[in-house]
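> This is what each chain is made of:
Protein chains: 8
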Amino acid sequence: MADPLRELLELVRTGAIEVDAAAARLSGGTVAEMPFATVDLSRQARCGFPEVILAEGKTVDWLLEIVARIVGAGQDCLATRLNEAQTAALAAAHPTAEIDRLARTFWLRQSAVEPRGDVLIVTAGTGDLPVAQEALVAARALGSKVERIADVGVAGLHRLLRHRERLTQADVIVVVAGMDGALPSVVGGLVDCPVIAVPTSIGYGAAFGGTAALLTMLNSCAANVAVVNIDAGFKAGYIAAMIARR
Amino acid sequence: MADPLRELLELVRTGAIEVDAAAARLSGGTVAEMPFATVDLSRQARCGFPEVILAEGKTVDWLLEIVARIVGAGQDCLATRLNEAQTAALAAAHPTAEIDRLARTFWLRQSAVEPRGDVLIVTAGTGDLPVAQEALVAARALGSKVERIADVGVAGLHRLLRHRERLTQADVIVVVAGMDGALPSVVGGLVDCPVIAVPTSIGYGAAFGGTAALLTMLNSCAANVAVVNIDAGFKAGYIAAMIARR
Amino acid sequence: MADPLRELLELVRTGAIEVDAAAARLSGGTVAEMPFATVDLSRQARCGFPEVILAEGKTVDWLLEIVARIVGAGQDCLATRLNEAQTAALAAAHPTAEIDRLARTFWLRQSAVEPRGDVLIVTAGTGDLPVAQEALVAARALGSKVERIADVGVAGLHRLLRHRERLTQADVIVVVAGMDGALPSVVGGLVDCPVIAVPTSIGYGAAFGGTAALLTMLNSCAANVAVVNIDAGFKAGYIAAMIARR
Amino acid sequence: MADPLRELLELVRTGAIEVDAAAARLSGGTVAEMPFATVDLSRQARCGFPEVILAEGKTVDWLLEIVARIVGAGQDCLATRLNEAQTAALAAAHPTAEIDRLARTFWLRQSAVEPRGDVLIVTAGTGDLPVAQEALVAARALGSKVERIADVGVAGLHRLLRHRERLTQADVIVVVAGMDGALPSVVGGLVDCPVIAVPTSIGYGAAFGGTAALLTMLNSCAANVAVVNIDAGFKAGYIAAMIARR
Amino acid sequence: MADPLRELLELVRTGAIEVDAAAARLSGGTVAEMPFATVDLSRQARCGFPEVILAEGKTVDWLLEIVARIVGAGQDCLATRLNEAQTAALAAAHPTAEIDRLARTFWLRQSAVEPRGDVLIVTAGTGDLPVAQEALVAARALGSKVERIADVGVAGLHRLLRHRERLTQADVIVVVAGMDGALPSVVGGLVDCPVIAVPTSIGYGAAFGGTAALLTMLNSCAANVAVVNIDAGFKAGYIAAMIARR
Amino acid sequence: MADPLRELLELVRTGAIEVDAAAARLSGGTVAEMPFATVDLSRQARCGFPEVILAEGKTVDWLLEIVARIVGAGQDCLATRLNEAQTAALAAAHPTAEIDRLARTFWLRQSAVEPRGDVLIVTAGTGDLPVAQEALVAARALGSKVERIADVGVAGLHRLLRHRERLTQADVIVVVAGMDGALPSVVGGLVDCPVIAVPTSIGYGAAFGGTAALLTMLNSCAANVAVVNIDAGFKAGYIAAMIARR
Amino acid sequence: MADPLRELLELVRTGAIEVDAAAARLSGGTVAEMPFATVDLSRQARCGFPEVILAEGKTVDWLLEIVARIVGAGQDCLATRLNEAQTAALAAAHPTAEIDRLARTFWLRQSAVEPRGDVLIVTAGTGDLPVAQEALVAARALGSKVERIADVGVAGLHRLLRHRERLTQADVIVVVAGMDGALPSVVGGLVDCPVIAVPTSIGYGAAFGGTAALLTMLNSCAANVAVVNIDAGFKAGYIAAMIARR
Amino acid sequence: MADPLRELLELVRTGAIEVDAAAARLSGGTVAEMPFATVDLSRQARCGFPEVILAEGKTVDWLLEIVARIVGAGQDCLATRLNEAQTAALAAAHPTAEIDRLARTFWLRQSAVEPRGDVLIVTAGTGDLPVAQEALVAARALGSKVERIADVGVAGLHRLLRHRERLTQADVIVVVAGMDGALPSVVGGLVDCPVIAVPTSIGYGAAFGGTAALLTMLNSCAANVAVVNIDAGFKAGYIAAMIARR
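Residue numbers (the working numbering), protein chains in the order written: chain A, 1 to 246; chain B, 1 to 246; chain C, 1 to 246; chain D, 1 to 246; chain E, 1 to 246; chain F, 1 to 246; chain G, 1 to 246; chain H, 1 to 246.
Derived from the structure by calculation, the hints contain no laboratory data. You may find that some hints are simply not true.
Quick look at which bits of chain H chain D covers, simulated, 3 or more residues with Cβ under 8 Å [stated by the list, open to error]:
| id | stretch |
| --- | --- |
| 1 | 143-156 |
| 2 | 183-195 |
| 3 | 198-207 |
| 4 | 211-219 |
Here are some of the chain F residues that sit facing chain C, going by a computed Cβ distance under 8 Å [stated by the list, open to error]:
| id | residue |
| --- | --- |
| 5 | Gly29 |
| 6 | Ala32 |
| 7 | Phe36 |
| 8 | Thr38 |
| 9 | Glu56 |
| 10 | Asp61 |
| 11 | Leu64 |
| 12 | Ala68 |
| 13 | Trp107 |
| 14 | Gly210 |
Every residue gets a Cβ at the ideal spot worked out from N, C-alpha and C, and that includes glycine.
Please put together the full structure from these sequences, using the hints given.
This is the structure in C-alpha cells:
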C-alpha cells in the first residue's frame with residue numbers, strides 16, 4: 001500500500017510544502033475553542049457541510065456564542081431542536097436568519113448554492129409534520145430541491161398511490177411515520193431509489209415513544225430502506241440531500 | 001383466477017362504463033387534500049365507517065379544518081383524544097355535536113342508523129372508566145347497542161359472577177383493565193363470544209404504563225381473547241361494533 | 001337487578017329442580033381429574049368448544065391420558081404445538097385423527113358440524129405458513145370455511161391487490177406476518193370486516209423474536225385490527241371462527 | 001372428594017337453610033354498586049380486611065362516594081396514594097380520620113383491634129421513607145405492632161448490624177430499598193423470618209424507576225425474600241401484617 | 001439504645017464467657033472452606049435451615065464435595081436444579097437420599113422434624129408442575145405439611161372454585177402459573193392468608209420466558225400476593241413453610 | 001394535480017393502448033404463484049432488482065421451487081441466509097451459480113451489467129466478516145465495484161486512519177460493527193459520503209445480540225449515518241449499491 | 001488462616017485493650033441517628049471519605065439536619081443533585097460552602113488536603129457539561145488535581161487528537177458522553193491509564209435516556225474502560241480520584 | 001496551547017528527525033495486516049499491553065494466524081473465550097503456552113515482568129468462578145499479584161467479614177457476582193480502594209442473563225464501584241491490574 005503520510009513528510013523535509021499547510025492536512029482541521037464547546041471549523045471541508053448545532057441541552061448563552069463563532073468564520077449555520085427562549089434569542093441576534101417554528105430550526109446561509117438533486121418527503125400522518133419539516137429544512141440547507149407530501153398512511157392506500165408517479169421521480173425519499181411505522185415498507189416496494197425512514201414518537205401506549213415504529217422500519221421487508229433515530233428529521237434530510245446530490 | 005382488472009378495462013374499452021366511474025373504482029377512492037392532511041373520503045364506502053381523527057399531535061387549526069372537511073362532505077365525524085383547547089374549539093364550531101369529557105371524544109352524526117348488535121363493556125376498576133367510555137362512544141358511533149359494567153375486577157369474583165347471565169347474552173365483550181390485566185382471561189372462560197381486551201395505563205411501578213396488563217392479555221389462557229393497544233378504547237369499541245353488527 | 005341465583009335456589013327449595021341439575025348449573029361444570037391435570041369437560045357447553053390442549057411442556061404420558069379423557073367424554077379433541085414424540089404417540093393411539101405436520105396439530109372430530117362463516121387467512125411471507133396453518137386447522141375445527149393466501153407482503157403490493165375482491169368477501173381475515181408486521185394495516189384499510197393479526201417470530205436481529213411485528217400490529221393505523229400473541233395461530237383461528245359463525 | 005355445593009343445596013331443599021343465607025354463601029358476598037364502582041362489601045369476611053381504595057386515577061367525587069359507602073357499611077376504610085385535592089376533600093368530609101401526609105394515606109377505623117404480631121420495617125435510605133410509611137400505616141391498620149428503622153443501607157454495614165438483635169425478634173421484616181436494592185439480601189441472611197422486599201423508584205439513570213431494585217430483590221440469594229411491586233408499600237405492610245398475626 | 005456488643009465484650013473481659021464462644025457469636029458463624037466454595041455452616045442456627053445448594057453452574061466434582069461437607073457436618077442437605085449427570089453422581093454417593101426427578105431435587109434428611117403448618121400448592125396448568133414440585137419438596141424439607149392441586153387455571157373457574165373450602169383452610173398458598181399468570185389474583189381474592197406467587201417460563205411468544213406472568217403477579221389487584229423469581233419453586237416453598245410454621 | 005389514471009383510461013377507451021398493456025401497468029406487475037409463495041416477477045422493473053430470497057424459514061423444497069421460478073423467468077437470483085442443507089441442494093441444482101460460504105449466499109446471474117459506483121465495506125472486527133461478506137455479495141449483485149477493509153475498530157485508530165484517503169474516495173461506505181458499534185461515528189466524521197451502518201450480533205453480555213451496537217449507531221453523532229437491522233449485511237449492500245449507482 | 005477476631009477478644013480478655021476501643025473496631029463505626037436518617041460517621045476512617053449526601057428525594061428539613069450533623073462532627077460534607085430550594089437553604093445555612101450551580105453540588109471543606117494525582121475529564125458534547133462538572137467537584141473534594149476538556153466528540157477526531165499528549169499524561173481519565181457514547185472507546189485506545197466512562201442522558205429518541213450510551217460503554221472494544229451509572233458524574237469523579245491518589 | 005504537531009514537523013523540516021521516525025509517531029503505530037484482521041502491533045507501546053484476542057467468532061485458522069503474527073512480533077499474547085477446537089489447535093501450535101481451561105484462556109509470555117500491585121478477586125458464588133478465573137489470568141498477564149476468595153455472597157455475611165482485613169490490604173478489588181449482584185455494594189462499603197464489579201450470567205428467570213446483576217452494580221450505593229460488561233472477567237482483571245500497578 002502506498003503511504004501518503006510518508007509522502008507528505010518527504011515534502012516537508014524537502015521544503016516542497018510549508019509546515020503550516022502540512023499541519024493543517026495532518027491535524028484534520030481547525031477548531032473554535034470555548035470553555036464549553038470545541039466547534040469543528042473544518043467539518044465543511046471534510047464532510048461537505050459545517051457542524052450543525054443540536055440546541056437541546058445548551059444554555060441560551062452557550063448557543064449564542066457557538067452560533068456567533070460559526071457565523072464569524074463565514075460558514076453557514078444550522079441549529080435544530082430549539083426551544084422558545086433559544087429561538088427568541090437567536091432571532092434577535094440574527095434577524096436575517098430563517099427560523100422555522102414548525103421545524104424548530106435556525107438557518108443562516110452565507111454561501112450561494114445551486115439546488116441539486118430531488119428529495120421527496122412523505123409523512124404517514126399529520127402529527128409527523130414537525131419531524132418532516134426538520135428534514136425539509138435540513139435537505140434544503142444542504143442544497144437539495146425538496147417537496148413534501150403529507151398524511152398518506154397505509155390505511156388508505158389510494159392516498160399514497162395517486163402519488164405513485166411522483167414517487168418514482170425522486171432521487172431519494174424520506175418517509176416519516178409514527179404509530180405502526182408501516183409506510184416505508186410500502187413506499188420502498190414501489191420505487192428504485194433509496195428510502196430513508198424516520199420513526200416518530202407520534203402514537204400512544206405500545207408505541208413506546210416511537211420504538212414500535214423504529215422496530216418496524218428496521219425490519220422492513222423492502223430492501224431499500226435505511227433508518228435513522230426516532231424523530232431525527234434533521235439526520236434524514238441531511239443524508240437524503242447527500243445522496244441526492246451525488 | 002378470474003381477472004377483475006381486465007374485465008373492468010374491457011368495459012372501458014367498449015364504453016360500457018364511464019372513465020370517471022372506472023377511475024373511481026380503480027383509485028380506491030377520493031380524498032380531501034390540505035397542506036397538512038389528506039383525508040380519506042372513501043373510507044366509509046370501503047371500510048364501513050368514515051375516517052376517525054386522532055386529535056393528539058394536531059394543532060387546533062389543523063383539527064378544525066379536518067373536521068370541517070369531513071362534515072362538509074356529509075359524513076359522520078368522530079375525533080378522539082381531545083385536549084382542553086381542542087375540545088373548546090370544536091364545541092364552539094359545532095354546537096350540535098356530542099362531546100364526552102370523560103371519553104375525550106367529539107361525535108357529530110349526520111346519518112341515521114338503526115342500532116344493531118349488543119356490545120358489553122366491562123371494566124376491572126374505576127380508573128379504567130375513561131378508556132371504557134371511549135370504547136362506548138366508538139361502538140355507539142358505529143351503530144351498536146352498548147352497555148357498561150364498572151369495577152368488577154377478579155379480586156372480588158362475586159362482583160363479576162352476579163353479571164354472569166348478562167355476560168352470556170352479549171355479541172361481543174370489551175374488557176378494560178389495568179394493573180394485572182387478569183379480567184379478560186376470567187371473562188373469556190365464561191362466555192362463547194369474542195372478547196376484545198384493552199390494557200390500560202392504570203397502575204404504578206412494574207405496571208410500566210400498561211405493559212404488564214398488555215402482556216397478561218396477550219398470554220391469556222382463554223382462547224377467545226384478542227387484544228388492542230394500551231388505552232385504545234376507541235379501537236376496541238370499533239372492532240366490537242364491527243363484530244356485533246355482522 | 002334480577003337475581004338469578006335466588007331464583008334458582010327457590011326452585012331447589014320448592015323441588016322444581018333437582019339438586020344435581022342445580023349443582024351442575026351453579027358449579028359451572030364438570031371436570032376430569034388426574035394427578036397432573038384437571039380437564040374442563042363443560043368448556044364446550046359454556047364456551048362453544050371443548051378445552052384445547054397445549055402440548056408444549058407436557059410429557060407424552062400426560063398428553064395421552066388427557067386426550068383419552070376428552071375423547072372418552074365424547075368430545076372433539078384438538079391439540080397444538082406437538083413435538084415429534086408427541087405426534088408419534090398420538091398418531092399411534094388415535095389412527096383416525098387428522099395430524100397436520102406443518103401446523104403441528106392433532107385433531108379428532110366426534111361431532112358433525114355444518115361449516116359456517118368465511119374465514120380468510122393471509123400471510124406476508126412463506127416462512128409464516130406454519131403459524132397460518134395452525135390458524136387454518138383451528139378455524140376448521142370450530143366449523144368455519146377457511147381459505148389461505150400465501151406470501152403477499154407489502155413490498156410487492158400488487159401481490160395483495162389482485163386478491164382485493166376476495167378480501168372484501170370474507171367475514172373475518174386472519175393476517176399472519178413476521179419481520180415488519182406491516183400487512184395487517186394495509187389489509188385492514190381495504191375491508192370492512194375485523195382483522196385478526198398474528199405476529200410471527202420470523203425475522204432476525206431487531207425482529208426480537210416477533211416483538212417488532214407485535215408492536216407494529218398493536219399500533220396499526222387501521223382501526224379494525226386486533227392482535228393475538230406471537231405465533232398464536234391457534235388463537236387467531238379460534239377467534240376468527242367465533243366471529244365468522246355469529 | 002366431598003361436594004360442599006351439593007350438601008348446601010340439600011339443606012336448601014330440606015329447608016334447613018334459608019334461601020337468603022344460602023345465596024349469600026354461594027354468591028361470595030354483597031356489593032355497593034355505583035355507576036363508576038362496585039365496592040366489595042364482603043372482602044372483610046372473606047379476606048380478613050375491607051376493600052382498600054387506590055385513590056390514584058379516581059376523581060375527588062368518585063373517591064368521596066366510595067369512601068362514604070364503605071364507612072356507611074360500618075367498615076374500616078383505608079385509602080392510599082392520595083393527591084393534594086383528594087386529601088383535602090377527605091379530611092373535610094371525615095375529620096376524625098387519620099391522614100398521613102408522608103404516606104399519603106387516609107385511615108378511618110370503626111373497629112377495635114388488639115395489636116397482634118411484630119412487624120419491623122427497615123429502609124436502605126432516607127428517600128425510601130414515604131413508601132416505608134405507607135407500609136407502616138397499612139400494617140397498623142391490619143392490627144400489627146410496627147416499628148421502623150431508617151437509612152441502614154449496606155454501604156455502611158454497621159448501621160444495620162447494630163440492630164441485629166432487634167431484627168431477630170420480628171415476626172416478619174419489610175425491607176424498603178431503591179437504587180441497588182441490596183438490603184433485603186443482607187437482612188434475609190441474618191434472620192429466620194420471612195422478609196418482604198419493596199423496591200422503590202428512588203435512584204436515577206439505570207435505576208429505571210425502581211426496575212433495578214426490583215430485579216435485585218427477585219434474584220436475592222437469600223431464600224426467605226419475597227417481593228412486591230415497585231413503591232408498593234401498602235401491599236408489603238398488608239402481607240406482613242397478615243403473616244405476623246397468624 | 002442498649003448495646004449488646006459492649007455487653008458481650010464486658011462478659012469477655014470479666015471471663016463470664018469464653019473467647020471461643022464470644023467469637024462464634026460475633027463472627028456470625030463457621031464455614032466449610034474449599035478452593036471453590038465457602039459453605040455457611042451456621043445458616044441453620046441463624047436462619048432456621050441449612051444452606052441450600054443451587055446445582056446449576058457447578059461441576060459434578062464441586063457439587064459432590066459441597067454436599068459431602070454439609071452432610072459431614074451433620075446437617076440436612078437440599079440441592080436444587082440438578083442436571084442428569086449431577087443427579088446420577090449424587091444418587092450413587094448418597095443412596096438413602098430422596099431424589100425427585102420431576103422437581104430435579106436432592107434431599108438428605110439427618111434430623112427428625114414434626115410437620116408443622118399447612119401449605120397448599122396450586123398450579124394453573126400441567127406444564128407448571130415441575131416448578132410446583134420443587135416448591136413441594138422445599139416446603140416438606142422445611143417441615144410443613146404440603147398438598148398440591150394441579151391445573152385449575154382461571155379459564156375454567158369452576159375447576160378452582162370446587163376447591164374453595166380447601167383454599168380457606170391453608171396457612172399459606174403457593175400459586176404457580178405461567179402464560180398470563182392470572183391465577184394468584186383470583187386465589188388471593190378468595191382467602192385471608194398470604195399467597196406466594198411463582199411465575200413460570202411456560203408459554204410462548206410474548207410470555208417472554210415468564211416475564212409476562214411475573215409482571216401480572218407483581219401488579220396483582222389482590223393485596224395479599226407476594227412474588228418470587230420466575231421458576232423459583234424452591235424459594236416459594238421455602239418462604240411458605242417459614243410462614244406456615246410460625 | 002394531473003391524473004395519470006384517468007389519462008390511461010382515456011387511452012384504453014380510445015383504443016390507443018391495449019387492454020393487456022394497460023392491465024400490466026395498473027396491476028403493478030406479474031407474479032409466479034405457488035401454494036406456499038407468490039414471487040414478485042416485476043420487482044426488477046419496479047425496483048431495479050429482482051426479488052431476493054430470504055432462505056431462513058423455508059424448507060429445501062420450497063426454496064428450490066422458488067429459485068426455479070425466478071431463474072425460469074430469466075431473472076437474476078440472489079438468496080441469503082442459507083443453511084447447510086439449502087446450500088447443498090441449490091449447489092446441486094444450479095452448478096453454475098456462485099455460492100459464498102462465508103456470506104451464506106447463492107447468486108445466479110443471467111444478465112450482463114457494467115459495474116457502476118464505488119462501495120467500500122469496512123469492519124470493526126474479524127468476527128464481523130460474515131455480515132460484511134453478505135453486504136459485499138449483495139452490492140456486487142446490484143452492479144457495484146466493491147472493496148473490503150477488515151478489522152479497523154476504534155481502539156486502534158491508526159488502523160483506520162491509514163485508510164483515510166481510500167475512505168474519501170468511496171461513493172458510499174458500509175460500516176459493519178458489533179460490540180460498542182462505535183466505528184460508524186468515527187468513519188462518518190471523516191468523509192462526505194453517506195455511511196450505512198450495520199450492527200452485528202458479535203459480542204457478549206450487555207451486547208444483547210447486537211442491540212447495543214444498533215443503539216449506538218442510531219444515536220451516532222455523525223449526521224451522515226443511516227442504519228439497517230442487526231446482521232443485515234444484505235440490506236446494507238443493497239442500499240449502498242443503489243446509492244452508488246445513481 | 002489467622003483469626004483477627006479471636007486475637008482481639010484475647011486482648012479484651014487480658015485487658016490489653018479497652019472495651020470501648022474494641023467495640024469501636026468491631027462495630028465498624030459510629031453513626032448519627034435521626035428519625036429519618038442514620039449517617040455513617042466512620043465512612044471517612046473506613047473508606048477514606050465521609051458519607052456523601054444524595055439530595056434528591058430528601059425534604060429541605062431532612063437535608064439541613066443531615067448536613068448539620070456531618071459538619072458538626074467536624075467532617076467535610078459533599079451533597080449532590082440539589083434542587084433550587086435545597087440549594088437556597090444550604091447556601092443560607094452554610095455561607096462559606098462552595099455551591100456549584102452547574103454541577104448542582106454543595107461542598108464544605110473542613111480539612112486541609114494536598115492535591116494528589118492528575119484526573120482529566122473529557123466530554124463528547126457541550127450538553128454533557130453538568131455531569132462532567134459534578135465529576136470535577138467530586139474529584140477535587142477527594143483531593144485530586146482536575147482539568148476538563150469539553151466537546152471533543154468522535155465526529156471531529158482532530159478536536160480530540162490535538163489533546164493527545166495531554167491525554168497520555170493523566171493518571172486516570174473520566175470520559176463523559178451521551179448519544180452514541182463512542183468517545184470512551186476512542187480515548188481508551190490512546191492511553192495506558194484507566195478510563196472511567198460516564199453515560200449521560202443527553203440525546204433523544206433511541207438514546208432512551210442514556211441507555212444507548214451506557215450499553216456502548218459497557219461493550220467498549222477498549223479493555224481499559226469501566227463504567228458508572230447514567231449521569232453519575234459524582235461517582236466517576238470519586239473513583240477517579242481514588243485511583244489517581246494511589 | 002502548544003502545538004506538538006507543528007513542533008514535530010519543524011523537526012522534520014530541519015532534518016532533526018528522520019521521516020520514518022516521524023511517520024511512526026504520527027501514524028500511531030504499525031499493524032500486521034491479513035485479509036481478515038488488522039492486528040495493532042503498537043498497542044503495547046501506546047496502551048501498555050499488546051492487543052488481546054477475543055477468540056469468539058473467529059475460525060480456528062484465523063485465530064492461529066493472528067496468534068502467530070503477534071508471537072512472531074515478539075509480543076506477549078493473550079486470547080480469551082476459547083472454545084474446545086480453538087483450545088486444542090492453540091495448544092498444539094504453542095506447547096509452551098499456559099492454557100487455563102476454567103478461564104478458557106491462552107497465555108504466551110515472551111517478556112519478563114516483576115509483579116507489581118495487589119489485586120484481590122472475590123466471588124459471590126461458586127458458579128462465578130470461570131469469570132473470576134478469566135480476571136485472574138488477565139491481571140497476572142498484566143503483571144499483578146493476584147489472589148482469589150470464592151463464594152462469600154451476602155446471604156452469609158460472616159463468610160465475607162472474616163476476610164475483612166485482607167480486603168483492606170488490596171490495591172483494587174474485583175468482585176464477581178451473578179443473581180442479585182449485591183456483593184460489590186457491601187465490599188465497596190468496607191474498603192478505601194476502587195472496586196471493579198463484574199456481573200455474571202449465573203442465575204435464572206428474572207436474572208435475565210446477568211442483566212439484573214449489572215443493574216444492581218450500576219446502582220450501587222457504594223461510591224467506589226465501577227462496572228464492566230456481563231461476564232467480562234478479562235476486562236475487570238485488565239483494568240484492576242492497570243490501577244494496581246500505578
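> Each of the hints needs a verdict: does it hold here or not?
Against the structure, the hints:
no.: 1; hint: 143-156; verdict: holds (count 4)
no.: 2; hint: 183-195; verdict: holds (count 5)
no.: 3; hint: 198-207; verdict: holds (count 4)
no.: 4; hint: 211-219; verdict: holds (count 8)
no.: 5; hint: Gly29; verdict: holds (5 Å)
no.: 6; hint: Ala32; verdict: violated (10 Å)
no.: 7; hint: Phe36; verdict: holds (5 Å)
no.: 8; hint: Thr38; verdict: holds (4 Å)
no.: 9; hint: Glu56; verdict: holds (7 Å)
no.: 10; hint: Asp61; verdict: violated (11 Å)
no.: 11; hint: Leu64; verdict: violated (13 Å)
no.: 12; hint: Ala68; verdict: violated (14 Å)
no.: 13; hint: Trp107; verdict: violated (20 Å)
no.: 14; hint: Gly210; verdict: holds (6 Å)
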